[in-house]
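Enquirer: If you're matching them up, the sequences are chains A and B in order. Sequential numbering of the first sequence, starting at 1, is according to the working numbering. Sequential numbering of the second sequence, starting at 1, is according to the working numbering.
Hints are computed from structural coordinates only; laboratory data are not their basis. Built from N, CA and C at the ideal position, the CB exists for glycine as well. Hints should not be assumed to be uniformly reliable.
Here are the simulated DSS-like pairs of lysine-lysine, each with C-alpha atoms no more than 25 Å apart in a straight line [as the list claims (entries may be wrong)]:
(1) A:K131 x B:K89
(2) B:K88 x A:K121
(3) B:K157 x A:K131
(4) A:K131 x B:K88
(5) A:K121 x B:K65
(6) A:K5 x B:K89
(7) B:K65 x A:K124
Here chain A is said to cover these stretches of chain B; the calculated rule only asks that three of the stretch's residues, wherever they fall, bring their Cβ under 8 Å from a Cβ of chain A [said to hold, decoys possible]:
(8) 50-60
(9) 118-129
(10) 136-150
To give an idea of the chain B side of the interface with chain A (calculated C-beta under 7 Å), a few residues [as the list claims (entries may be wrong)]:
(11) D87
(12) K89
(13) I166
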Amino acid sequence: MQHIKELLTKMADDDLIIGHRNSEWTGLGPILEEDISFSSMAQDKIGHALGLYTILNTELKETDPDKFAFHRKETEFKCCHLVELPIGEYDFSVIRHFLFDHAEKLRYESLQSSSFEPLAKFAKKIHGEIKYHIFHADSWISRLGNANEESKSRMQSALNYTLPYAFSIFEPGEFEDRLIAEKVFIGEKALQVQWLEKITPIIEAAGLKITTVKNPTEHYGGRKGYHTEFLKPLIDEMTEVVRFDETANW
Amino acid sequence: MIIEKTPTKKEVILQALESVKDPEIPVLSVIDLGMITDVIVNNDDYVIIKMVPTYSACPAIAVIKNSIKSKIESLNIGPATVVVENDKKWSTNFLSEKGKRALEGFKISTAQPVSNEVTHEQVVEAKCPHCGSDNTTLNSVFGSTLCRSTHYCFDCKQLFEKFKPI
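Build out the structure end to end from the sequences listed, making use of the hints.
Expert: This is the structure in structure tokens:
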């Protein structure tokens with residue numbers, strides 16, 4: 001079951017890390033509604049991470065979800081580089097949210113027919129929740145892309161900067177062929193094609209352009225445990241309190 | 001002639017669950033929310049309640065689970081176990097008519113039933129719970145809790161919340 005463990009771990013780690021990044025907007029959002037939106041999405045993402053860590057625990061004999069999430073070394077995390085980046089300015093966070101969540105929605109849609117039943121059920125359960133993340137992302141891409149020259153140029157530069165990182169989502173894992181052969185998952189390559197088809201018209205309708213990414217593998221590494229310099233400080237921060245007394249009851 | 005029937009244990013339990021409320025929306029019971037999927041009373045009076053969580057990240061689930069357990073055990077039928085069925089999907093379609101009326105009384109707008117998937121129109125449209133107008137606009141798909149969106153009424157100039165369709 002090593003191949004399914006790997007798939008669930010990378011998905012859960014993506015959700016945990018993007019969830020924590022989203023939560024960094026709490027109290028800092030440019031308007032109150034956005035403060036609330038990023039905080040709500042953070043809550044959902046961490047809930048989804050917990051759901052996946054729970055499947056790893058109950059179905060695949062992995063350790064307790066809290067221990068698994070917070071007591072691993074940086075090199076044992078399987079998240080992609082895109083989710084690790086700091087929140088930056090709001091334009092970057094909106095673009096990352098848009099690029100990541102479209103991939104996430106398509107991933108979970110395909111997993112609704114996964115041969116691994118616990119994952120198929122989970123994918124069906126959270127489909128409606130992810131849909132709201134997409135409504136949110138699409139409406140801001142459209143509003144900011146079509147607003148004025150300043151917002152348009154900021155969105156375009158954020159897109160140019162973030163797009164190469166977005167390809168890190170689709171870095172294939174070690175067991176890709178087996179996952180596809182056993183119909184657990186359609187595979188990263190197929191997902192990437194679906195994703196580009198989905199996001200391109202939305203970006204164009206917002207008056208923005210997709211630039212060609214010359215080297216889509218440039219930011220690969222996360223799925224194999226090689227991370228950006230931003231992950232380690234984030235894990236340290238997330239676990240700062242628990243490390244005081246790892247046996248404490250909350 | 002009135003024939004008074006003694007309620008079954010299951011009926012007593014269902015009646016009692018009407019008083020277990022969602023801590024985030026105290027006008028709604030777990031029955032109104034459609035969260036209770038099964039009530040089983042074994043021959044030795046051991047009670048098993050099955051419930052489905054609403055949102056996967058709903059922070060109220062643990063509180064609701066404990067409230068159900070203590071409520072049932074206060075009935076003196078027997079010990080109770082509450083099973084959370086995490087793999088089952090919850091939908092706003094499960095909301096009872098009584099629950100919808102209670103929400104509207106609490107000034108939270110409700111949505112039309114979802115057929116297959118939530119549409120953009122279903123997310124955007126909302127009837128103002130204050131004046132009943134349909135002349136409203138979506139303010140944000142996220143509100144004070146995960147289950148609500150925020151809207152604005154052009155007629156009575158009020159910001160209001162909707163129990164969002166899922």
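Enquirer: If a hint holds in the structure, say so; if it does not, say that too.
Expert: Checked hints:
no., hint, in the structure
1, A:K131 x B:K89, "holds (15 Å)"
2, B:K88 x A:K121, "holds (7 Å)"
3, B:K157 x A:K131, "violated (29 Å)"
4, A:K131 x B:K88, "holds (18 Å)"
5, A:K121 x B:K65, "holds (22 Å)"
6, A:K5 x B:K89, "holds (23 Å)"
7, B:K65 x A:K124, "holds (23 Å)"
8, 50-60, "holds (count 5)"
9, 118-129, "holds (count 3)"
10, 136-150, "holds (count 8)"
11, D87, "holds (4 Å)"
12, K89, "holds (5 Å)"
13, I166, "holds (4 Å)"
Hint violations for this structure: number 3 only, all remaining hints satisfied.
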